[in-house]
Every structure is written in C-alpha cells, then in structure tokens.
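Engineer: Mind docking chain B on chain A? Use the hints.
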Amino acid sequence: MALSRLSLRSNPFLKPSTTSIRRHVSTDTTPITIETAVPFESHLCDAPSRSVVTSSSEILSFFRDMARMRRTEIAADSLYKAKMIRGFCHLYDGQEALAVGMEAAITKKDAIITSYRDHCTFLGRGGELVEAFSELMGRKRGCSNGKGGSMHFYKKDACFYGGHGIVGAQIPLGCGLAFAQKYSKEEFVTFALYGDGAANQGQLFEALNIAALWDLPAILVCENNHYGMGTATWRSAKSPAYFKRGDYVPGLKVDGMDALAVKQACKFAKEHALKNGPIVLEMDTYRYHGHSMSDPGSTYRTRDEVSGVRQVRDPIERVRKLLLSYDIATEKELKDMEKEVRKEVDDAVAQAKESPVPEPSELFTNMYVKDCGVESFGADRKELKVTLT
Amino acid sequence: MSAIIHGAGAATALSTFNFKTLVAPCRTNIPGRSKRCIVAAGSDDDASKSFGSSILTVRHSQKLIANAVATKADMSATTGTGHELLLFEALQEGLEEEMDRDPHVCVMGEDVGHYGGSYKVTKGLADKFGDLRVLDTPICENAFTGMGIGAAMTGLRPVIEGMNMGFLLLAFNQISNNCGMLHYTSGGQFTIPVVIRGPGGVGRQLGAEHSQRLESYFQSIPGIQMVACSTPYNAKGLMKAAIRSENPVILFEHVLLYNLKEKIPDEEYICNLEEAEMVRPGEHITILTYSRMRYHVMQAAKTLVNKGYDPEVIDIRSLKPFDLYTIGNSVKKTHRVLIVEECMRTGGIGASLTAAINENFHDYLDAPVMCLSSQDVPTPYAGTLEEWTVVQPAQIVTAVEQLCQ
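For the record, the sequence lines run as chains A and B. Numbering follows the UniProt record's numbering, with no gaps: position 377 of the first sequence is 377. Numbering follows the UniProt record's numbering, with no gaps: position 66 of the second sequence is 66.
Hints are computed from structural coordinates only; laboratory data are not their basis. Idealized CB from N, CA, C, for every residue including glycine. It is possible that part of the hints are untrue.
[Said to hold, decoys possible] The list that follows gives simulated cross-link-like pairs (lysine-lysine, DSS-like), each with its CA atoms no further than 30 Å apart:
{"#": "1", "chain 1": "A", "residue 1": "K185", "chain 2": "B", "residue 2": "K128"}
{"#": "2", "chain 1": "B", "residue 1": "K263", "chain 2": "A", "residue 2": "K185"}
{"#": "3", "chain 1": "A", "residue 1": "K267", "chain 2": "A", "residue 2": "K109"}
[As the list claims (entries may be wrong)] So these bits of chain A aren't anywhere near chain B, every CB distance computed over 12 Å:
{"#": "4", "residue": "S78"}
{"#": "5", "residue": "L216"}
{"#": "6", "residue": "Q311"}
The shape of chain A in the complex, shown without the other chains (with noise of 0.2 Å):
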C-alpha cells in the first residue's frame, strides 16, 4: 500500500526533521518534535516550551478525531433543522482542537467538566456516536436515557462530568472536583472549562480564591471563542486578558486551534497543578456556528471573519496540513479516512433514530436513589403511574 515519497510541501512553519522522507506508518509512535505555531504567553510562571513531542500516529488520531467531531457537529446541525433535536443545540466545530488536544494531554481518571458545548468533549471521553445522537434526539439510548439533552451529556466512567445549562455554575463544581481528587490523595486533576462570556462571573473568582487558597488540582480553561453569544469580549471585558484574570493564579494563553499546542498547555498545566495548585489556561479558539442552532451568528460578526478564520486557522486543516507535509497519509488517504468518518456518523445518526424513546415510567425515575417502593402520580393520575423502586 504505502509508497515512498520522496516530495517535501514547503510549509513556513514546519521543520521536518530529514530531507528525505520514508512514508510514515500510521501505527508509528517514533517522537517527532513539532514546534508550535504561535507562542505561549504567561502570567506568573515560566511558559511551557514550544516544541511538542507528538507521532504520526497521534497526529493521525487527531485528524480522525476531529474529523469524527465536525461531522458530529454538523449532523446535529441538519438533525436540528429537521427538527429531530429540539431546545437548545450549541455545536463545537472551529474548536475540536481543544477536546483532542487535552485528550492527548491527560488519562481518562482526571476529570474533566464543560459547560453545554459539550458534544464533543464527550466524544473526546470514549463516549459513543450513538449515545450522543440518541441523547440529542432524546431516546432511551442516550447517555443520560433521552432525559438531559444536548446540553446534558454525562459520562461517569470515563469521569466526564457534563454537560451545564447555567453559565458558570459547573466551575464551583469543578474546584469541587479537584477538592474530591486532592481528599482521596489521587494523583489526577480537573480542567473546569468555561466561556469568555462566564469568565465574568463572580462564581469563577470565589471557585479561584478556594482552589488556591487550598492548593486544589484544579485548571481552569477559558474556552475563548471571542463572543458571549451575541456579545464580542471587547464590549463585555473590561480585562480580556482571561488568563491574567486570576491575578494570583498563574495562567497561560494557548492558540486554542492547534491541538499540539493545546496537548502541551494541558499536559504543563496538569503538571502544574499537582504541584502548585490552580492555573487558569486561555484558548483563544473560534466556533463557526451561532452561539447556538437559534443564533445565525452573523448579525455580530461579518462572514469573512467566519470564511477567513476557516481559512487559515482551522484546527483540521491545519493538522492536515501536518500530516501532508510530514508524509504520514496522502491526500487520498485522509479523504478515505474522512469519508469512513463521515459513515460512522451517519451509521451511528440512523442508529439512534430508530432507538426508542424512553418509557412513560422514566418520568419518574431517577428522582431519588432508592425510592423505596412507593407509588407515584403523574399528570393524568390514570395513565403515569410508576412504583419508585
């Protein structure tokens, strides 16, 4: 199958390590040292250096992952327009990066908690196509059995812990968590992803104060993708520098669409606060949908300022570009792999739109553990009748 190649792209940025290049296996996990595009600012500690240790075989999962996500995304998109997925929708894609990035960087025991853009932190956890969609169209196969909803996707085995409709509020929770890691003396740590728009809540800085006032393993990551819905940061933010924000907390502003970039930021950070206690991270990435499926997002940026950061940043591209020109895959190859992506996701959308949707019993359920076998009304007190059991 493979055939050597002996033709380099020219890329600016890129320094491949030979002249001539054997084609690379895509198991092959040899380190390749990759630097980094844009540089690391910090504030209060010495910024991680710029060179990532990576393979091609982690770059390969990165594209196919990502790859898996925008597709996921963009499933849900039409899934919604076809009113298959109701309420709210809010999709990741322009920020895949950060969830396979932080994936590279951590085990599946440290935990990681998200606001309700969380489809694809979800999948980044070794949750399911099917899951996801089925939860999105609320069936019974769905991660939280059909009664959460998009922005409800939990994972506990895998320590993914959702999935939060309210601004903000997952952040106390996430210092909670790394309080839980630090009480059993486990060696793992918490990213609390949140918003520009949640940066300026008050419950982020109490959450801060406790994290470092009790050295808790705790990362606070700024997913700043330049707008609080319809609001851009600059008319919101009188500091839009979030990782400064944590003023005694060090912190760290990541280019958040390169995902080597941000595998380093996490892996330092993960480092850092095992020892030191919290540290707030910046991603500076982009979402080219809408806040959500109800915002067009266009009536408060320009569609060239979507086009031109699809352009020349996307996280996709840009990781496709890495595996072209360091000959890992061919362009051929990783239109086939897109292309399995793309059937994996349909599969799994036809799955989950024949599953079923959950009983009239699972109203009541999972109100309380142990119910302790007591009957319960609903509504129309002939028809839902459940035993809490």
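Structural biologist: The following block gives chain B in isolation, referenced to the frame of chain A:
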C-alpha cells in the same frame, strides 16, 4: 422520596380507604403502627449507604402519654441511662459519629473549623478531624455549595453549612439546578449525597434578612428532601439519617432552638427522614406543625387541655415529602386540621400541606383546613412587631376553639 399522591381518590379509594396505597415512609407497613424512632443496631461495617433499606431494627416502642409535653421521659425510661445535652450538642454528636463512621463525610462552611461554628455545632471537630475534613470556606455560598455538590458527584459526602439559611439564597442556583437535578439529568449516573444545613427562622430581633424561612423557597425543587428538626433527639437522629442518605437533604434548624435541653439515648439511633413525629395523641383536632412552632403549639395545648379539648399534635418533621401516612391516620381520627407554621402565608409549607390534605382527605374533614402562618411581611426589628409576625399560642387556642365549634 416520592411525589405526594394527589387525588388518591382517583375515584377509587375514598370509601374503601386503604392506607397502604399512601406514601408509606416506614418500611413496616403496619396500620396504626406507633413505632417512631428506629434504633440502629450499631454495626459500622454496614455497607448499605442507603438509609431506606430495612436493615435497622426497631427497638423503641412508644407508650402513649396523655400529657402536653413531648415524650422525653418515656424515651430515657425504656433505653436506660441516656445523657442530657443541648440541641446544638446533639447535632454535633450526630455529625461527629457520622464522621467517625465514614471517612467520606466532610464539613464545609464559614467558620466551621477553627472558630467552632457560629452556633457551635461543629465545635471541636476541626481539632479532631483536621482541616481537610472540616473546611473553613471564604464567604462565597454559591461557590462552596457548588464545590460541595461537585465533590459529592465523586462520592464524598459533604455537609454544607449555611451560617444562616438566608445566605443560601446566594447558592440557590447550585441547590436547585445541580444538587436537585443532577441525579435525574445524568440518567442516574451521579448521586449527590450532600446535606445542606443551617439555622433559619425568626429569631430575637435579628432583622428581616436574617429571619428568613427558606423551606418555602426550596420546597418546589425536584430531587431534594427537606427535614426540620425540633428537639435534641430528632436533631441528632435526622442529622445522622441525612448524612447516610444517598439523596440531597436540606436540614432546617432554628436559631432559637439551639439551647433546648433533653435527655437522649446513649446508644446509636437514627430518625426516619420521611416520617412525622406524634408529639401528643388526641381526639378532637389534629395540629400539624414543625420546628419552633411545635413549642408554641404545645404551650397552647396546655391551655386547651385545661379548657377540655384534646388536641393531637404532630410534628411533621419531613417537609418534603410530607408524611401523609401519619397525617392521614390522624385526620381520619379527628376530622379537623389546624396547621401552625412559621412560613409566610403565601406559598409556604402550610399552603402546600393544606392542598395535599384537601386533595387526599377531603371526605374525612368536618371543617376546612385552617392554616396559621406568619404574616407576609419582612420581619421587623422592633420586638413587639416581630412578635406579631409569627403565630402566638393565644392565636392557636382561638383557632382550635373556632374549628371545634
């Protein structure tokens, strides 16, 4: 616990009223059972974290005493020596025993550690268990309540103290959306075994903002349980039960009841979270009350007994869900109900209870349910005015006389 069964009629049961279909908080479904307090056999290795299981053996049997005071003397008689302590000490004892028993239990709140707690409920615990288990938080109710809930998602069992229940309004979002709902929206993946406790109610001229009754605000939140303690005995029992429960429980204490003295058993015991307490059995009228109003009711009961009435006083204890079993039995017996509460008239616990009783026991009532509540005003500072915002014993006597005509 379960939702209140509304319209238990559903056209079926009223004539053949079967109490077994009502909310049955106690495992033993004995009609007219009188066992109230469940004494734990004291085994610490009990893996069962869920309080609702019937592993606990019932030891206390209640003798009915026709005097107008709580059956304190009775308890110490059956269980031997017992020891006397104040309500806040009882809470502390319960908390300490649970922290000894389970290393997952921790306490967080303002000034709970080194200071010993503003009402001394956590006194001495920081010295015994260390700073990691008794945590002094900065003043940020929203954040530390959220932190407690986040920690609970992983399996810890925090006891979150609000220095005054009124301050927990700042944490309402965390309590409502995260504490109450996470078990449901995660499809059962996460349990939130927190206890949120603190003193509330009208004190002695504390002013409007420090005299709030939050049980009325929290009662609609799905997924939580609410209990109110009123004696040292049930304070300790409810504290222990709340900590052991897998569900989030809000334990309402009252600022003025912390110095109540009572003799409580030496051996370990727990009170059922969903059960009401029969304070004084009677025949003529059922008086439902909780927390501090219990004492106003008992004071009024003395006067009523002298006047020849025989009120049945029930301390409902469980504010969510209501113990409709005990209440129903009582209504069937007396046919008249008076609710005496400290909540506001509008939207208080009494309002919900009135609705529940009317829906479920309408045919058993000889008179409309009367509810005495506090006035719908912010609690004034002036002593005389404050006295008139809450229900006084004289008003209770008048109401009973009116109902029993």
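Engineer: Are the hints correct? Go through all of them and say.
Structural biologist: Cross-check of the supplied hints:
As the CA atoms of K185(A) and K128(B) are separated by approximately 19 Å, the hinted pair is consistent with the 30 Å bound. Between K263(B) and K185(A), the direct Cα distance comes to roughly 40 Å. Violation of the 30 Å bound is thereby established for this hinted pair. Restraint check: the Cα-Cα separation between K267(A) and K109(A) comes to about 14 Å, which is no more than 30 Å; the hinted pair holds. The beta carbon of S78(A) is kept farther than 12 Å from every beta carbon of chain B, the shortest such distance being approximately 25 Å.
Its beta-carbon lying about 9 Å from the closest one in chain B, L216(A) breaks the requirement of being farther than 12 Å from that chain. For Q311(A), the shortest C-beta to C-beta distance to chain B comes to about 39 Å, beyond the 12 Å cut-off, and the non-interface label holds.
Comparing the model with each numbered hint stated earlier shows that hints 2 and 5 do not hold.
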